[in-house]
Amino acid sequence: MRPVWALVKKELLYLRAYPLDLVNYAISPGLIVAPYILFAKLFGFDAELLDSVAVGLLLWYWLSTLLGGVVFGLEEEMEEGVLETLLVHPITIFHVLLAKAAAIALENLYITGIIMAWFFFFGVSLQLPWPQFLGILILSALGVAGFMLALAAVALLYKKPFELYELVQWGLGVLSGVTRPSRDLPQSLWLISRAIPLSYGIEAARAAISGQPTAGIPILLALSFLYALLGRGLLAVAERRMRATGTTGEF
Amino acid sequence: MVELRDVAKTYVVRERTGLLRPSARREIHALQGVDLRVAPGEFVGLLGPNGAGKTTLLKIVATLLLPSRGKVFVDGIDALRYPGKVRRILGVVLAGERTLYWKLTAMENLLLFARLHNIPGRKARRRATELLELVGLTEFTNVTVEKFSTGMRKRLAIARALIHEPKILILDEPTSGLDPHGVEEVWRVLLALREKGTTVLMATHNMFEAERIPTRLLIIDSGRIVADGTAAEIVAKSGAKSVALLTLDSPLPYSVGLSLRSNEDGTFLVSVPLEELPKHLSVIQSQGKKVQNVEIRESRLWEAFLRLTGRPFDDLSSPKEAEE
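Protein chains in written order, with our numbering: chain A, 7 to 257; chain B, 188 to 511.
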């Protein structure tokens, strides 16, 4: 684990060089969360519904930050030319991604604090069962890991995966029922939402705040495992193709 | 220590010929059946012009690139089957400047890469301190790499590659793009490594560097090793001699039998064997041409390359140019 922690530390040291990132992290969640909350308040939704929306937003924001941060982090390593140097050390791209995910998880702790402050500012009092919620969050993160590995593979092979990331990020948001339950979606979209681990995570979190049983967890676990396998396989293919074509130093 | 058996690498390049036309497929044979053995303690230089296959060869040994054919063993380990094991015993400095984290200090960079090799904190710090001294960067320990000159970055990259005391060091053109002072500083480090008996495989396209630094030299051209030995042995085997480069104010007639190269400033360059210089000078003067400059190239490898490959080395850097 020493190599992974060393890379995590490097990520945090880089924050020292870009202090404005921390300001951005503080402001952007508010800009993303605010419209939803304001609409909910304008239309007089009750506190339970507000909590429900807030939970969806929180999970989605966390996980899309993780997804984007890891993939763009990898792209940055490629652009700076350091990825190739990392690969002559006894680590793999998987280690690099793991370190980036861990560093972003730490950044997310900070971002969560800021989001909570924004919620407080908008008068949303979250009555979350935190231990249960954090458990669901970790499981949902595992579910997103497969997508993360697959996107990293695309970044390695085709570079610049921004458009694809946007699609995945907003697709995950809409289909997993961030602002409203996915059962309200048209049937075809609802069927797609059943293949997204985050849908089960958000449903489980909502069930947890309303004191109902969190039934979707086994499916979330099974899907997470499946996507992780698929993502790992794609990443292995990408790494091998990169070594065969000699593009480890390209971006 | 390092062994390559019949290693070949072919790149497939897709060339775009238009927006709607299908791209054309072209094969580039970067390496064509290379056999090589590097013994422990040898400092091997790989000399060749751009595109000769030097970087491809080094990247295959460094496990960054898979060959199209052949076997690679590093310290007896099959590098194609066990790249992870090979990376533990290799130190690699790739070409280019961006091989370090610029926002981190020299010490932070070294500690980071030490930890990638699982070296514990205290030992890593001690080793990093020693290496910073070796490469002459002690006073820049806590300065971020973005403030370093290109030469300082190259030296730090060498320190980075040595952090885990590798059995073999791979260097890809460690002095390319450096000013003369930077070249001297890197050479000082390379000579110290040679003295210590470090096993090194280094690519270069600098003739003077190739003559001065390695204990053994390989000349590579179009993906093939065309000569192997010490610089003196290669020159002797090829029958190459020192040359004089003459700059003329106007071209010579074909009848003189000397091939000319025109310079951008309107002058003409002609290369003649050094021992034939007086004879050629008198011929040139008899033609009424003015010799503006005479430059003696003691780096006879340039001539050896010409004799071995039948074409001139595309890098015309002379000892004088390298030192200036």
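Treat the hints as calculated values from the structure; they're not laboratory data. There may be inaccurate statements among the hints.
Claimed, not checked - Taking lysine-lysine and the DSSO-like style, the derived pairs with C-alpha atoms no more than 27 Å apart in a straight line are:
#1 K477(B) x K15(A)
#2 K477(B) x K466(B)
#3 K424(B) x K272(B)
#4 K15(A) x K383(B)
#5 K334(B) x K272(B)
#6 K477(B) x K165(A)
#7 K383(B) x K310(B)
#8 K310(B) x K165(A)
#9 K15(A) x K165(A)
#10 K466(B) x K15(A)
Said to hold, decoys possible - Facing chain A, from chain B, some residues (calculated, C-beta under 10 Å):
#11 V199
#12 K246
#13 L251
#14 K258
#15 F260
#16 G271
#17 Y288
#18 E295
#19 L303
#20 P307
#21 W374
#22 L378
#23 S469
#24 I471
#25 L493
As the list claims (entries may be wrong) - A few chain B residues that face chain A, going by a derived Cβ cut-off under 10 Å, partial list only:
#26 Q219
#27 R256
#28 N305
#29 R347
#30 I357
#31 S363
#32 P367
#33 T386
#34 L495
Computed from a predicted model, the values in this text were never measured in an experiment. The C-beta atom is built at its ideal place from N, Cα and C for all residues, glycine as well.
**Item:** Which numbered hints fail
**Value:** When the structure is compared with the hints, numbers 1, 3, 4, 5, 6, 8, 10, 14, 15, 21, 22, 23, 24, 25, 26, 27, 31, 32, 33, 34 turn out to be violated.
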